[in-house]
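Top to bottom, those sequences are chains C and H.
Under our numbering, residue 438 is the last one in the first sequence; the count climbs by one each step, no gaps.
Under our numbering, residue 192 is the last one in the second sequence; the count climbs by one each step, no gaps.
It is worth saying that the hints were derived from the structure and are not from the lab.
A hint or two may mislead.
Below 25 angstroms or equal to it, Euclidean Cα-Cα: the simulated BS3-like pairs (lysine-lysine) are [as the list claims (entries may be wrong)]:
#1 H:Lys95 / H:Lys40
#2 H:Lys188 / C:Lys412
#3 C:Lys393 / H:Lys188
#4 H:Lys188 / C:Lys358
#5 H:Lys42 / C:Lys393
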Amino acid sequence: MATTETMTLNMGPQHPSTHGVLRLVLELDGEVIVKVTPHIGFLHRGVEKLAEHRTYHQILPLTDRLDYLAPMSNNLGYILAVEKLMAVEVPERAETIRIIMAELTRLESHLVWLACHALDIGAMTVFIYAFRERETVMETYELISGARMTSNFFRVGGLSQDVPEEFVKKVSDFIDSMPGYLDQYEGLLTTNPIWLKRTIGNGVISADDAIDYGITGPALRGSGVDWDLRRDNSYSGYDKYQFKVPVGENCDTFDRYKVRLVEMREACKIVRQALDKLKPGPVLADCPQVCYPPKENVYNSIEGLIHHFKIASEGFYAPEGEVYQGVEAPKGELGFYLVSDGGNKPERMRIRPPSFVNLQAIEKMSVGSMIADLVAVIGTLDIVLGEIDR
Amino acid sequence: MAENNRAVLKLKEKFTTSIIDVVEFRGEVTVTVAKDAIIEILSFLKQSLQYNLLTDLTAVDYLGKKEERFMMVYLLYSIPNKDRLRIKTPVAEADCRIPTASTVWRTANWLEREVYDLFGITFDGHPDLRRILMTDDWVGHPLRKDYPLQGPDREPYKGRLS
Chain C
49 MATTETMTLN
59 MGPQHPSTHG
69 VLRLVLELDG
79 EVIVKVTPHI
89 GFLHRGVEKL
99 AEHRTYHQIL
109 PLTDRLDYLA
119 PMSNNLGYIL
129 AVEKLMAVEV
139 PERAETIRII
149 MAELTRLESH
159 LVWLACHALD
169 IGAMTVFIYA
179 FRERETVMET
189 YELISGARMT
199 SNFFRVGGLS
209 QDVPEEFVKK
219 VSDFIDSMPG
229 YLDQYEGLLT
239 TNPIWLKRTI
249 GNGVISADDA
259 IDYGITGPAL
269 RGSGVDWDLR
279 RDNSYSGYDK
289 YQFKVPVGEN
299 CDTFDRYKVR
309 LVEMREACKI
319 VRQALDKLKP
329 GPVLADCPQV
339 CYPPKENVYN
349 SIEGLIHHFK
359 IASEGFYAPE
369 GEVYQGVEAP
379 KGELGFYLVS
389 DGGNKPERMR
399 IRPPSFVNLQ
409 AIEKMSVGSM
419 IADLVAVIGT
429 LDIVLGEIDR
Chain H
31 MAENNRAVLK
41 LKEKFTTSII
51 DVVEFRGEVT
61 VTVAKDAIIE
71 ILSFLKQSLQ
81 YNLLTDLTAV
91 DYLGKKEERF
101 MMVYLLYSIP
111 NKDRLRIKTP
121 VAEADCRIPT
131 ASTVWRTANW
141 LEREVYDLFG
151 ITFDGHPDLR
161 RILMTDDWVG
171 HPLRKDYPLQ
181 GPDREPYKGR
191 LS
């Protein structure tokens, strides 16, 4: 009598469709997946440990390097947590610029997702197009912070500096042209028979299962749960903006694709509203215990120099207590949990990484499907290993 | 205000003896409970009070600062009610174990593996308790306060760190 045996196959950590250094050990019955065991940690840098040894201002550059496809979203989450701990009020202009950058970051992250997801399933043209638009966001990053990825632009209490004059025009032009580009991508994909065959019915996870697995962000909304932190637990002034929260129905890869595309269109609308609101004013809170002094004071007065030295070398002392701040990052709920013992460094900083939690559902979403569909599931989860491994 | 929190009211009514402390800081409510009732309390919060999403699960090491060294932290969120609740429970170093919450939420599986990996707290009844971020043969638990920042067997960094 013939017997069948399952086969174990190693996928990654060096594999083009694993989006970084994800290693999956697959148990296969022919081409059908029986078991998926993810192995992570190849990129572990101990960010949480490092944070315990740095002052609150010094931690900020570490956060750029978590989800390196959405640096400003990470910055925003961390900064808001510290501001909550210190009870600092942020000037309106700074808040508005933060929202513009957070939404551009969402566009950027979703563009990379779309590009890589499409490339993984075999649609190469979209990849080239999406990276063209991403380049504009990178240029905006460079324009305001001097760096393309490691932005480090926000500060506790506001921004490191005001944006240059050409910023508004650059962002405005980009936002105007973006819906046309989105139509272009949709023209290539939404009615493409190959794309539909690869995505419809792939990676199905019901709403209850998704919540049980802790999935957040577009992946959860694709399963029909109408929940967005920006709207439901508003932060950084998002309650002053009108935007729709797209929700899927069929809980599959195609619905998650549609949700993310609508999110990109909504992000453009939020940026437009923010640009209309943008008025001249200070970009840093008047809170000398916490904030860096303006640069002209540092260069021109002894008090300013002493102040700068104090903040740079010693930082500020936070009150005893603990805060959690969650933000709707492009990939889901990104949270920072800070425990302070009254010192100038956090007693503990915990990062709640959306990709880490979302990746856990990969087994649920791919067991029973073909090995080629696993690639689509990895793409649709939109993971970044820098954030998973921290 | 913490006294009027819907969860705090119910918890005080149902688990009077298990509640150690209720704190509100910056609008966030934290309830510290005894370790032996933790799973019962978490299940009650999920089933009866609609805290259906386990946002985060982690630990804090209070070496030399508190009588019981570790503090487990559960961050719950209710999607229907859109509110958060933080449940904490102390874990002593001498008895460094706690029942798993993965029976209540499947999210807890990996989060508990991470706490096991980085803090060395054992989760009783966990389906797959292995290291997750560090390699399988790693010795020690890096997020403990007595674990050196530079790693084991290394000269401490001589430059300025703060």
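Fill in: Numbers of unmet hints, in rising order
Violated: hints 1, 2, 5.
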